[in-house]
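Engineer: Here are the chains, one letter per residue:
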Amino acid sequence: MTKLYKALTAITALLLVYGFYQAWYVAPMEATMGNVQRIFYYHLPSAWVAFLLFFVNFLASVWYLIRRTDGADALALASAEVGVSFCTIVLLTGPIWARPIWGIWWTWDARLTSTLVLWLIYVSYLVLRHYATGGQVPVLAAALGIFGFVDVPIVYMAIRWFRTQHPQPVIGGGQGSGLDPAMWVAVLWNLAAFAMLAVLFVWARYRQALAERALEEAYIQAEGEAR
Amino acid sequence: MSATPTLWNITRRSLAKDLRLEWRSKDAINSMLFFALLVVVIFSFGFDPTAEESRRIAGGLLWVAVLFATVVALNQTWTRELRNQVLDAYRLSPAPPQALFLSKTIGNFLFVAILEVLMVPLFVVFYNLRSVGPVWQLLVVALLATWALVVNGTFFAALSIRTRSREIMLPLILFPISIPALLAMVDATTSILTGDNSPYFWMRLLAVYDVVFTAVSLLLFEPVLNAE
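If you read the sequences in order, they're chains A and B. The numbering of the first sequence is the working numbering, which starts it at 1 and goes up by one. The numbering of the second sequence is the working numbering, which starts it at 1 and goes up by one.
Wrong hints could be hidden among the right ones.
[Said to hold, decoys possible] Non-contacting residues of chain B with respect to chain A, defined by C-beta distances greater than 12 Å in every case (computed): (1) Arg-12; (2) Trp-23; (3) Ser-44; (4) Leu-118; (5) Glu-222; (6) Pro-223.
[Claimed, not checked] Covered stretches of chain A (chain B as the covering partner; in silico rule of three or more C-beta atoms under 8 Å from a C-beta of chain B): (7) 113–124; (8) 132–139.
These aren't lab readings, by the way, just hints derived from the structure by calculation. C-beta atoms are modelled at their ideal positions from N, C-alpha and C, and glycine is treated no differently.
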C-alpha cells in the first residue's frame, strides 16, 4: 500500500471520529424523535454515497465498452460492491429508525421501494459477475451495468406514480425539508467521512481486482511455458 | 434467394428459420403453455377469488404467469444456437448482429403473444373475469408489455448463456430490471379491468420502457455477441 493510502486512511479515521462526535454530542436532540433520529446522520450519507457509487459503476461500464481497459472493469466491480454495501446499510438503518418512529419496520413508500429495487438491480449485477466465467465477464457485466443504470429513472417514475395513486399508509415523509442548521453540520461531516471511506474501499478493491487479474494471467503464462 | 443482405432481410430470414424450427419441434410453445396452465391452476387454489375480487388480482396473476412462462421460452432461445457452433459461425459472418437480435426478439414476441392469446380465455373461464374498461386498451397494454418482457429477456438470455447454471441466471438478472415494466403492466391491466383509474400513465411508461431498452439492447448487442 502506498503512503498516500495510509495518509487517507488516517484522515478518514479522524473524520469518522469527528463525525461521530458531531452526530452524538453537537447536533441538537430532535424534539419528538429523541436520540433515535441520530441514525439519520449515518442513513443519509450512506444513501448518497451508494447512489454516487452506482453512477461511478455506470461511467466505468461505458468506459470499459469504449476502451476495454482492465482498470475500467476493476473500477466497475469495486464501485458496485462497495455501493451495494452502503445501500445495504441504508436498508438496514431505515427500519431500525422506522420501528420506533412509525411503529412499523417497513412500508412500501416511494423512496423505500425505489432504494430496494436499486439494491436488487445491483445485487443481480454482482450475481452475474460471480456466475459468469472466462474472459467475457467484463463485457457482460458492463452491459448489465448500463441496463441497470438506465433503469433507475424509469424505476423512480413508476414507483412514484404507484405510490401517489394509492393512499400513504404512514404519515411522515419529508424529513430532510426542515433540518436544523446544526444538524446539517453533522450530516455534512458524516457525508465527508463516509465518502472518504467509500474511496478507500473502492481503491483497495480496485487494486485487488487488478492484482487478481495479473495473477491469473501469470498462471496462464506459466502453464503455457510448462507445456 | 438473391435478396441483398440488408438488416431487414437477414432479420426476416433468421426469423423464418426460427419459426420453421419451432413449427416442427414445438419445443418452446408446448413447454410454455403447459407451464402457464399449471401456474393458473395453482394460483386459483391459492386465492379462490370471487368475480369482484378477481378483477383486482387478475392483472397481477396473469402477468406473473406470463413472466414465468416467458422465462421458460427465453432459456431455449440461444441454446439452440450453441449446438454445432452456430453462434460462432454467425460471429464470423458479415451479417449485422442487430439482425440476429431482432429476429430472436420478434420470434420470442410471437411465441409469448400466442401464449397470451391461448391463456386469456383460460383466465376468463377460471376467474370469471369481465372487464369494466374497454378491451382495446387491454390489447395495447398486452402488446407493449410483451415487447417489454421479451426485448430485455432476449438480451439477458444472450448474457446468461455464457454463465454457469444459466437456467437460473436468467430470472436473477431479468426480474430486477423488469420491475418497473411489471409494475406498469400489472397496474395498467388492473386499472382497465376495474375501471377505477386511468391506465394512460402506465401505458406511456411501458412505451418509454420499450423504446429505451430496445435502443440500449441494439446498441449493446454487438459487444455481448462478440465477447470472449
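Engineer: Run through the hints listed earlier and report the numbers of any the structure violates, in increasing order.
Structural biologist: 5 and 6
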